[in-house]
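*Asks:* In case you want the letters, here they are:
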Amino acid sequence: MAEQSLEPLLAELRSMLDGADPLPDPVLAAAKASFVWRTIDAELAELSADSLDALTGAAGTRAAGGAARLLTFQAPGVEIEVEVAETGSTRRLTGQLIPPAPAEVTVRWSSGSIETPADELGRFTVESVPAATVSLSIVQPDAAHPVVTSWIAI
Amino acid sequence: MHLEAVVVLEKTTAELLGAAGAGDGEAWNALVERYARLVWSVARGFALSAADAADVSQTTWLRLVEHLGRLREPEALGGWLASTARHECLRVLRKSGREIVGFDADIDIESGEPTPEAVVLDSERDRLLWQSLGEISQRCQVLLRALATTPAPSYQDVSAALGMPVGSIGPTRARCLDHLKKRLDAHESRQRPAGGGA
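Keeping their order, the protein sequence lines are chains A and B.
Those letters in the first sequence? Residues -8 to 145, per this note's numbering, in order.
Those letters in the second sequence? Residues 9 to 206, per this note's numbering, in order.
If we strip away everything but chain A, and leave its shape as in the complex, we get (with noise of 0.2 Å):
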């Protein structure tokens, strides 16, 4: 009965939406960009802990005052641990590999990268990050794959 009666409403909120807040050509054009960031042979190390996610309500709000976000990321075989800090309106990522081990990293995001070794303890810290949405690649000397991180906005 009254779902009935409302079905016009949702084709005149369809109608009015696409007025009003249609999907942004740009955005659209970002989203098919995004498949030049298929990769083929890389090892996905998904995102297994951040964080921000364990903080709610008034936490969050502390949070969001400039304290230290971490996150964890895991493939088989390595761990990669990034505590990211806010730089003014850039980011600082500081990295340790798990188990540790040197390694090229490098910090890539739409627009650019930013290359770092990490030292025979696994650690690594980039600078001047921008605040986007962000992929990290390890390279390690012997290994068969390079692994990447899954995207994340910093």
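Hints may contain errors.
Using 16 Å as the maximum straight-line C-alpha spacing, the simulated EDC-like pairs for lysine to aspartate or glutamate come out as follows [said to hold, decoys possible]:
| no. | chain 1 | residue 1 | chain 2 | residue 2 |
| --- | --- | --- | --- | --- |
| 1 | B | Lys189 | A | Glu3 |
| 2 | B | Lys19 | B | Glu34 |
| 3 | A | Lys23 | B | Glu34 |
| 4 | B | Lys190 | A | Glu3 |
| 5 | B | Lys19 | B | Glu83 |
| 6 | A | Lys23 | B | Glu83 |
| 7 | B | Lys103 | A | Glu74 |
| 8 | A | Lys23 | B | Asp32 |
| 9 | B | Lys189 | A | Glu(-2) |
| 10 | B | Lys190 | A | Glu(-2) |
| 11 | B | Lys103 | B | Glu34 |
| 12 | B | Lys103 | A | Glu(-2) |
Everything labelled a hint here was simulated from the structure, so no lab data went into it.
Chain A is fixed; fit chain B onto it per the hints.
*Replies:* This is chain B only, laid out in the frame that chain A set:
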């Protein structure tokens, strides 16, 4: 007279996913065309600004790129995207200290909250509808925006956008439309001169 039958077979989502996973850029674009509006609707339903919604969209599609060939249920892609977008929205809200209070309780937006951003609308009716949409509960906004997406999503997709069981989408949809109608009626009656009948 001979009429040539033109049969356009739409590829299934699973077929497109398989092709995109094998490197077919056209298949990827077709997937984006099919689901980009749903992802956008979810982000806007969570009251994200256009800039934040654009970021959520970008992160969601990059997540799909990295998961090509790894999805367990290719046919459930709409739900996977909606759920990924929802999680990203919640992260954006937490990061800015804007946790949504009472999402599951369908609490209407407080009158002290900022009003929905102004948009250009030709008709007064649409303007009131936009305003009314911004006043109902956040969950109703996500649900109705998702349902109003073109092409129409399945209830599975909508349930993933909300993190709600599929079985409760129907009743919630009816309730949310009812809330929207009441708001709209209230605004319209305030605009009309008292006692003015047709």
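*Asks:* Hints first: check each against the structure and report whether it holds.
*Replies:* Against the structure, the hints come out as follows:
The suggested pairing of lysine 189 of chain B with glutamate 3 of chain A holds, with an alpha-carbon distance near 11 Å, which does not exceed 16 Å. For the given pair, lysine 19 of chain B sits about 12 Å from glutamate 34 of chain B by alpha-carbon distance, which is consistent with the 16 Å threshold. A threshold of 16 Å between alpha carbons decides the hint, and for lysine 23 of chain A with glutamate 34 of chain B the separation of about 9 Å falls inside it, so the pair holds. As the CA atoms of lysine 190 of chain B and glutamate 3 of chain A are separated by approximately 15 Å, the hinted pair is consistent with the 16 Å bound.
For the proposed pair lysine 19 of chain B and glutamate 83 of chain B, the alpha carbon gap of about 12 Å is at most 16 Å, so the pair holds. Restraint check for lysine 23 of chain A and glutamate 83 of chain B: not satisfied, since their Cα atoms lie roughly 20 Å apart, outside the 16 Å limit. The hinted pair formed by lysine 103 of chain B and glutamate 74 of chain A meets the criterion: a straight-line CA distance of about 15 Å does not exceed 16 Å. Proximity of lysine 23 of chain A to aspartate 32 of chain B is assessed by CA-CA distance (about 12 Å); at most 16 Å being required, the pair is judged to hold.
Note on lysine 189 of chain B and glutamate -2 of chain A: the hinted pairing holds, with a Cα-Cα distance of about 11 Å set against a maximum of 16 Å. Simply put, lysine 190 of chain B and glutamate -2 of chain A have alpha-carbon atoms about 14 Å apart, close enough for the 16 Å limit, and the pair holds. For the hint linking lysine 103 of chain B to glutamate 34 of chain B, the alpha-carbon distance of about 35 Å lies beyond 16 Å, and the restraint is violated. With a C-alpha separation of about 37 Å, the suggested pair lysine 103 of chain B and glutamate -2 of chain A falls outside the 16 Å cut-off, and the hint is violated.
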